[in-house]
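Undergrad: In case you want the letters, here they are:
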Amino acid sequence: MARNTRKPAARRQRPSTRARPQRRLIVLVATRKGAWLYHGDAARKTWRADGPHFLGHVISHAVLDPRDGRTLLAAAKTGHLGPTVFRSTDLGRTWKEAAQPPAFAKTADGKEGRAVDHTFWLAPGRAAERDVWYAGTSPQGLFRSGDGGVTWKPFSSLNDDPQFREWMGTVQDGTPDGPKLHSIIVDPRDSTHLYVAMSGGGVHESVDGGRTWKTLLKGLEVVEGFDASKPSFHDPHCIRICPSNPDRLYQQNHCGIYRLDRPSDTWERIGRSMPERVGDIGFPMVVHPRDADTAWVFPMSGTTVWPRTSPEGMPAVYATRNGGKTWQRLDAGLPAKQAWWTVKRQAMTADASDPVGLYFGTTSGDLWMSRDEGRRWACIARHLPEIYAVEAAELS
Amino acid sequence: MKVCVPSALRSYTDRGETEASGPTLGEVLADLERQYPGIRFRMIDEQDRIRRHIRIFVNGEQVRDLSQPLNASDEVIILQALSGG
Chain A
1 MARNTRKPAA RRQRPSTRAR PQRRLIVLVA TRKGAWLYHG DAARKTWRAD GPHFLGHVIS
61 HAVLDPRDGR TLLAAAKTGH LGPTVFRSTD LGRTWKEAAQ PPAFAKTADG KEGRAVDHTF
121 WLAPGRAAER DVWYAGTSPQ GLFRSGDGGV TWKPFSSLND DPQFREWMGT VQDGTPDGPK
181 LHSIIVDPRD STHLYVAMSG GGVHESVDGG RTWKTLLKGL EVVEGFDASK PSFHDPHCIR
241 ICPSNPDRLY QQNHCGIYRL DRPSDTWERI GRSMPERVGD IGFPMVVHPR DADTAWVFPM
301 SGTTVWPRTS PEGMPAVYAT RNGGKTWQRL DAGLPAKQAW WTVKRQAMTA DASDPVGLYF
361 GTTSGDLWMS RDEGRRWACI ARHLPEIYAV EAAELS
Chain B
1001 MKVCVPSALR SYTDRGETEA SGPTLGEVLA DLERQYPGIR FRMIDEQDRI RRHIRIFVNG
1061 EQVRDLSQPL NASDEVIILQ ALSGG
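One line per chain: the protein sequences are A and B, in this order.
For the first sequence, the working numbering begins at 1 and goes up steadily by one.
For the second sequence, the working numbering begins at 1001 and goes up steadily by one.
Hints in this document: simulated from the structure, not taken from any laboratory.
Please note: incorrect hints may appear among the correct ones.
[Stated by the list, open to error] One-sided excerpt, in silico: chain A residues whose CB lies under 8 angstroms from chain B:
# : residue
1 : GLY82
2 : THR84
3 : GLU97
4 : ALA99
5 : GLY113
6 : ILE185
7 : PRO188
8 : PRO289
[As the list claims (entries may be wrong)] No farther apart than 16 angstroms at their CA atoms in a straight line, the calculated lysine to aspartate or glutamate pairs in the EDC-like style are these:
#  : chain 1 : residue 1 : chain 2 : residue 2
9  : A       : LYS111    : B       : ASP1048
10 : A       : LYS325    : A       : GLU386
11 : A       : LYS153    : B       : GLU1061
In this text, all values refer to a predicted model and were calculated from it rather than measured experimentally.
Backbone N, C-alpha and C define an ideal beta-carbon position, used for all residues, glycine too.
Sequences and hints are given; from them, build the entire structure.
TA: Structure follows, in structure tokens:
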């Protein structure tokens, strides 16, 4: 496979770290049975539910375009029908289906080709790249749209590369509802600098807009007994880049919590400092919009048969304020016991307000939020279907 | 020919029955796509395979091959076949 010839640029300017003025917020909730939009007031105290949209559809991800504050994209499929992407330019009053949803290239007759089961992850391009979107699919595939999500083209450099295909494995090698490409990150300083993660298949980086890729696995652990040099055995769950310092990334992995400070290419396992009885296994990873030393995780039980519930039935968010040296348990307002849900990798997020608002949706269909960076939690919606993704965004 | 459309696809057709033409099942589905953009990909994947939970019957017989020849008098029924909650 082709290798990068450029190093990640270290000369880029650091973005502003000033808090932005508060604006109207929207929380996009994607579930196993449809999507809901929650409109918040300026104080984030009252929320108006708008939904369901696409009742009965599996919505893996719904995202507001941060470049215009109005356009919504939703990745959808139903139990019967193939996958597609819907687009709304009026905040969900009307939706229009993509003319050409993400789909793998058709193989020559007689060869077994892959088919997209569902689009799992949607990511807008940089602010300067209006109408550019990226999509990650199950099974693992990377796609790009240059027209706002109307038509999508595959990255053959990844989707059809024999080495990548070997690392991706088969559908049986992936997560229960299919192996996924996720955590598509565009460096806010450089459109050609991309990160993607695959469950399974590891973490990969491109500095030429996706033409070539290199693995980014040093320091990451794998399940005991497996060879950490092989991307196939790596299972990154969620990776986030810090908006205030895009040279820093955090990762929640199947095997721990990590931090990476570029230009280093070696991840540091910062989850070792989590309480031993809680561990550092989980799905989501959330970073502070203005403080690269602050991040949040939602641990789950990775014991014995991997129950993937809150550890001991006592859900809690954990925060670090020092880049992972120490962690603080944040559970005020959350159930104190007998709460056996967890939070999936796209189902926890932050807004850009000051103080930062945090949001997460549970596998049991509850939507929780904190207006004070996790110190106190309140439930703002109950009895939704299983929540797959939560995004908070500012309306224009 | 008459094509019966399941409820899951009526967001495209606005009705349970429609007309499409073509010498093969594949051509009939292509005609449906011309009339109702997007409908084919919900039934047929990018490798031209009928999706797992879609069944297509012609005159009461299940058809699995898009090259199946059809006559103008045939009746095509598209069904959704799903179990689970």
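Undergrad: Now tell me, hint by hint, if it's right for this structure.
TA: Hint by hint, here is what the structure shows:
Because the smallest distance between the Cβ of A/GLY82 and any Cβ of chain B comes to about 5 angstroms, under 8 angstroms, the interface hint for this residue holds. Using the Cβ-Cβ criterion of 8 angstroms, the hint placing A/THR84 at the interface with chain B is satisfied: the shortest such distance is roughly 7 angstroms. Evaluation of the A/GLU97 hint against chain B yields a held restraint, the C-beta minimum of about 5 angstroms falling below 8 angstroms. The restraint placing A/ALA99 at the interface with chain B holds, with a minimum CB-CB distance near 7 angstroms, inside the 8 angstroms limit.
Because the smallest distance between the Cβ of A/GLY113 and any Cβ of chain B comes to about 4 angstroms, under 8 angstroms, the interface hint for this residue holds. A cut of 8 angstroms between beta carbons decides the hint on A/ILE185: the least distance to chain B is about 26 angstroms, and the hint is violated. At about 32 angstroms, the closest approach between the beta carbon of A/PRO188 and any beta carbon in chain B exceeds 8 angstroms, and the interface hint on this residue is violated. Interface hint status for A/PRO289: violated, as the beta-carbon distance to the closest one in chain B is roughly 37 angstroms, over 8 angstroms.
Between the alpha carbons of A/LYS111 and B/ASP1048 the distance comes to roughly 12 angstroms, so the proposed pair stays at or under 16 angstroms and holds. For the hint pairing A/LYS325 with A/GLU386, the CA-to-CA distance comes to about 33 angstroms; that exceeds 16 angstroms, so the pair is violated. With a CA separation close to 37 angstroms, the supplied pair A/LYS153 and B/GLU1061 exceeds the 16 angstroms bound.
Checked against the numbered hints listed earlier, the structure breaks hints 6, 7, 8, 10 and 11; every other hint is satisfied.
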